[in-house]
Amino acid sequence: MAHRYLRLSRGGRNLFKMLLPPNVRTTHVNGARLVSSQADSQIVLERRTLFEHVLGAYQRLCSKPPKGFEKYFPNGPKTAPKSSESNPTSGEAKEAKPTTNAQKATGRSSGGGGGGASGGGGKRGGRKDESHWYSRLQKVDRLEVINKRYVKVVFTPGKTPVDGQYVWFNIGSVDTFERNLETAQYEMGIEGENRLPVVYSAESDGSFLLSMLPTVLIIGFLLFMLRRGPAGAGRPGGRGMGGLFSVSETTAKVLRDEIDVKFKDVAGCEEAKLEIMEFVNFLKNPKQYQDLGAKIPKGAILTGPPGTGKTLLAKATAGEADVPFITVNGSEFLEMFVGVGPARVRDLFVMARKNAPCILFIDEIDAVGRKRGRGNFGGQSEQENTLNQLLVEMDGFNTATNVVVLAGTNRPDILDPALMRPGRFDRQIYIGHPDIKGRSSIFKVHLRPLKMDAEMDKEALARKMAALTPGFSGADIANVCNEAALIAARHLADSINQKHFEQAIERVIGGLEKKTQVLQPEEKKTVAYHEAGHAVAGWYLEHADPLLKVSIIPRGKGLGYAQYLPKEQYLYTKEQLLDRMCMTLGGRVSEEIFFGRITTGAQDDLRKVTQSAYAQIVQFGMNDKVGQVSFDLPRQGEMTLEKPYSEATARLIDTEVRNLIREAYERTHTLLAEKKGDVEKVAQRLLEKEVLDKKDMVELLGLRPFAEKSTYEEFVEGTGGMDEDTSLPEGLKDWNKERDKEESTEEQVARQISGGMPF
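If you count by our numbering, then the sequence shown holds residues 1 to 759, one letter each, in order.
Calculated from the structure, these hints are not laboratory results. Every residue gets a Cβ at the ideal spot worked out from N, C-alpha and C, and that includes glycine. Any given hint could be a false lead.
In silico BS3-like links for lysine-lysine, alpha-carbon gap of 30 Å or less [claimed, not checked]:
1. K525 <-> K499
2. K458 <-> K567
3. K689 <-> K567
4. K574 <-> K525
5. K608 <-> K689
6. K608 <-> K695
7. K464 <-> K514
8. K514 <-> K524
9. K524 <-> K574
10. K557 <-> K464
11. K458 <-> K262
12. K676 <-> K709
13. K499 <-> K524
14. K464 <-> K264
15. K464 <-> K549
16. K499 <-> K451
17. K515 <-> K681
18. K694 <-> K608
19. K287 <-> K262
20. K608 <-> K557
21. K499 <-> K458
22. K354 <-> K262
23. K557 <-> K354
24. K709 <-> K689
25. K499 <-> K574
26. K549 <-> K574
27. K675 <-> K524
28. K262 <-> K295
29. K499 <-> K709
30. K625 <-> K608
31. K354 <-> K298
32. K444 <-> K262
33. K557 <-> K515
34. K709 <-> K681
35. K676 <-> K625
Distance ranges between label pairs, derived from CB positions [said to hold, decoys possible]:
36. Y570 <-> T711: 17 to 27 Å
37. R607 <-> F221: 51 to 61 Å
38. A673 <-> Y570: 31 to 41 Å
39. S331 <-> V216: 14 to 24 Å
40. G373 <-> L450: 44 to 54 Å
Could you build the full structure based on these sequences and the hints that come with them?
Spelled out as structure tokens, the structure:
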């Protein structure tokens with residue numbers, strides 16, 4: 001059976017010859033003849049030798065790397081493990097090559113410092129022998145993976161091969177590092193119990209804190225501003241700009257000595273000034289009123305047209321009173337956040353109580369004091385809540401004591417009635433446009449700082465300017481004085497004279513003079529006849545205003561300009577209003593008479609005539625068909641949902657307005673047709689000189705057939721004096737002095753003990 005198993009065919013023997021190396025084929029094949037008479041031991045020995053030759057040939061075939069993949073294999077071939085029971089002859093034949101490979105691997109390992117070649121002479125299991133891998137392994141204590149980015153090689157104490165205690169290197173990812181480490185230790189033949197331990201840890205080098213530093217600084221700054229709140233030096237009394245949490249803080253300012261405006265700087269409103277002086281006297285000398293059982297008024301509201309001195313009077317109060325003056329604007333109570341208005345009102349009165357006795361001034365109170373119940377919008381509800389809080393603070397269970405509230409508005413008609421009742425605003429002080437005496441006093445105040453001509457009397461100039469500026473408010477007069485100074489400086493004058501003031505008045509009334517505006521000859525002629533029609537119609541109408549100057553030099557929006565001197569008059573008759581309408585229509589009528597056509601230059605005249613006609617019929621009851629009724633006309637820009645009269649009445653009003661304007665137009669046409677020659681003379685003189693004054697009109701038309709007043713003395717005749725009455729009552733002659741200080745020390749102590757000290 002064994003003979004049949006070992007018997008090989010010729011093809012098998014040839015295959016073995018191809019697989020075995022040449023030296024083996026010649027030696028061993030011939031020596032391994034199969035003889036059936038040999039012993040079993042020799043057959044087994046030859047069979048083992050044959051198997052080893054086949055295996056060696058296979059290993060040599062596999063040791064060569066495939067073409068194109070040489071870089072993925074080590075430079076030297078791996079040494080195949082040898083059995084201790086191998087043939088001595090074959091062992092000696094293969095001993096030289098493994099030794100050489102082992103030496104090369106050892107050289108690479110020592111130079112690389114850590115592996116990659118199979119150290120230990122091919123010994124598996126980590127047995128301690130003469131190889132170097134175990135000695136190198138004993139120098140490393142552990143590997144620490146830091147933050148999954150770095151690996152720290154920790155050496156065994158006393159076996160550090162380099163300068164320093166650690167060696168660092170970067171890794172791409174933890175998974176790759178673990179896989180490479182496992183592969184390297186497996187290839188080195190290191191068993192599990194001898195492999196390097198890997199420790200994972202997280203450390204911080206401060207980069208995270210540095211990256212978070214800007215965020216921390218911003219958050220800290222915001223927290224500081226929020227905690228700082230209203231405190232700071234931005235506002236008087238240690239109240240700063242505040243932050244998000246301080247949005248409900250009041251924005252009021254406490255003024256003590258910051259304002260230098262005094263009552264002597266306020267003129268033209270002596271009655272209102274007297275009332276305010278009395279308020280200051282209430283706070284300085286309360287005993288004068290308390291001895292009679294009087295109570296200090298809670299407040300006063302200043303009403304009147306814009307520019308009449310309401311805020312200036314409040315500033316003078318702040319400058320004269322030795323008590324704190326708190327000022328706030330009415331619009332500052334309302335913000336975008338709900339509840340801010342009432343909170344600011346509460347905070348405002350808390351501030352006022354802390355500074356009592358004091359004066360609290362709310363400017364433009366109509367922003368917060370409008371009538372309630374006009375809508376259910378969110379903003380309207382917030383405004384009503386703010387108003388309710390203001391009403392409670394002024395006269396409620398928590399009423400502020402020793403706090404006088406002043407307010408200013410030019411729209412008293414829209415204020416809530418609950419705000420205007422006594423107990424809150426006990427006094428309503430109306431400040432209207434100054435009369436001629438008041439204007440003279442205002443001019444005197446504003447002429448003080450101006451450098452006037454040495455030969456000019458300031459008092460005489462103030463009176464003359466007062467006569468030339470009817471209807472001017474205090475702000476208009478201040479503007480005139482400032483414009484006069486600017487005009488004088490423009491012409492490099494050493495001082496200001498009367499001519500500069502006249503030019504300033506024209507500048508304020510008519511606007512900027514446009515000497516460079518070019519008009520076509522036909523347009524200039526039309527403007528001349530238009531202005532001549534106004535002048536002649538006013539000259540021959542009894543109730544028309546006297547003419548001062550007429551010009552065809554464009555000013556402002558108009559192409560012509562006429563200055564009149566209105567009377568100091570407060571009541572007008574139907575005839576007077578009709579004469580004014582006729583004078584206003586004189587320009588349109590003159591164009592129609594001389595050119596047979598009309599232009600757009602009369603637009604402003606027609607607007608004034610229409611307003612006057614509607615006022616006579618709707619408000620003043622000067623029409624027989626409409627009757628003695630009066631309806632409120634809507635203000636400019638004010639929306640009205642319904643009219644207070646029927647459609648039939650509206651149609652009747654429109655019809656009567658047209659009839660009234662037609663009547664005035666026909667009357668003017670008749671007048672100018674009769675005075676056509678006078679209109680022609682005035683128009684031609686205007687084309688020659690461009691500016692005509694009263695003397696030129698007298699030269700062309702003669703004296704006006706009606707008596708007229710033009711000087712200050714004529715205007716103030718019969719009014720009781722030349723100047724404004726500025727005398728004070730007996731109780732207010734020392735209004736800005738504290739008479740209580742004249743008491744003895746014993747009386748003051750006794751009054752303090754008894755509780756009689758008012759503040």
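Hint check results:
1. K525 <-> K499: This hinted pair holds, its Cα atoms lying about 28 Å apart.
2. K458 <-> K567: holds (24 Å)
3. K689 <-> K567: holds (28 Å)
4. K574 <-> K525: violated (34 Å)
5. K608 <-> K689: Distance ~28 Å between K608 and K689 Cα, so the pair holds.
6. K608 <-> K695: Distance of about 28 Å is within 30 Å: holds.
7. K464 <-> K514: Roughly 27 Å between the alpha carbons, so the hint for K464 and K514 holds.
8. K514 <-> K524: Given pair K514, K524 holds - Cα atoms ~14 Å apart, limit 30 Å.
9. K524 <-> K574: violated (35 Å)
10. K557 <-> K464: Since the Cα atoms of K557 and K464 sit roughly 28 Å apart, the hinted pair holds (cutoff 30 Å).
11. K458 <-> K262: Judged against 30 Å, a Cα distance of about 21 Å means the pair holds.
12. K676 <-> K709: holds (27 Å)
13. K499 <-> K524: Holds - the C-alpha atoms of K524 and K499 are around 27 Å apart, at most 30 Å.
14. K464 <-> K264: holds (22 Å)
15. K464 <-> K549: holds (16 Å)
16. K499 <-> K451: The given pair, whose Cα atoms are some 14 Å apart, holds under the 30 Å limit.
17. K515 <-> K681: At roughly 24 Å apart (the allowed maximum being 30 Å), K681 and K515 satisfy the hint.
18. K694 <-> K608: Given that 30 Å is the threshold and the Cα spacing comes to 24 Å, the pair holds.
19. K287 <-> K262: This hinted pair holds, its Cα atoms lying about 25 Å apart.
20. K608 <-> K557: Cα-Cα ~16 Å, so holds.
21. K499 <-> K458: holds (14 Å)
22. K354 <-> K262: Holds: K354 and K262 sit about 25 Å apart, inside 30 Å.
23. K557 <-> K354: Status violated; Cα separation ~53 Å.
24. K709 <-> K689: holds (26 Å)
25. K499 <-> K574: Violated, at roughly 37 Å.
26. K549 <-> K574: holds (27 Å)
27. K675 <-> K524: The hint holds at about 21 Å.
28. K262 <-> K295: holds (26 Å)
29. K499 <-> K709: holds (21 Å)
30. K625 <-> K608: Holds, at about 23 Å.
31. K354 <-> K298: OK: K354 and K298 at ~17 Å, within 30 Å.
32. K444 <-> K262: holds (15 Å)
33. K557 <-> K515: Holds, at roughly 13 Å.
34. K709 <-> K681: holds (25 Å)
35. K676 <-> K625: violated (35 Å)
36. Y570 <-> T711: 17 to 27 Å: Because 20 Å falls inside the window, the suggested range holds.
37. R607 <-> F221: 51 to 61 Å: holds (58 Å)
38. A673 <-> Y570: 31 to 41 Å: For Y570 against A673, whose Cβ atoms are near 34 Å apart, the range 31 to 41 Å holds.
39. S331 <-> V216: 14 to 24 Å: At roughly 39 Å between Cβ atoms, V216 and S331 fall outside 14 to 24 Å, so the hint is violated.
40. G373 <-> L450: 44 to 54 Å: holds (51 Å)
The structure is inconsistent with the numbered hints 4, 9, 23, 25, 35, 39, although it conforms to all the rest.
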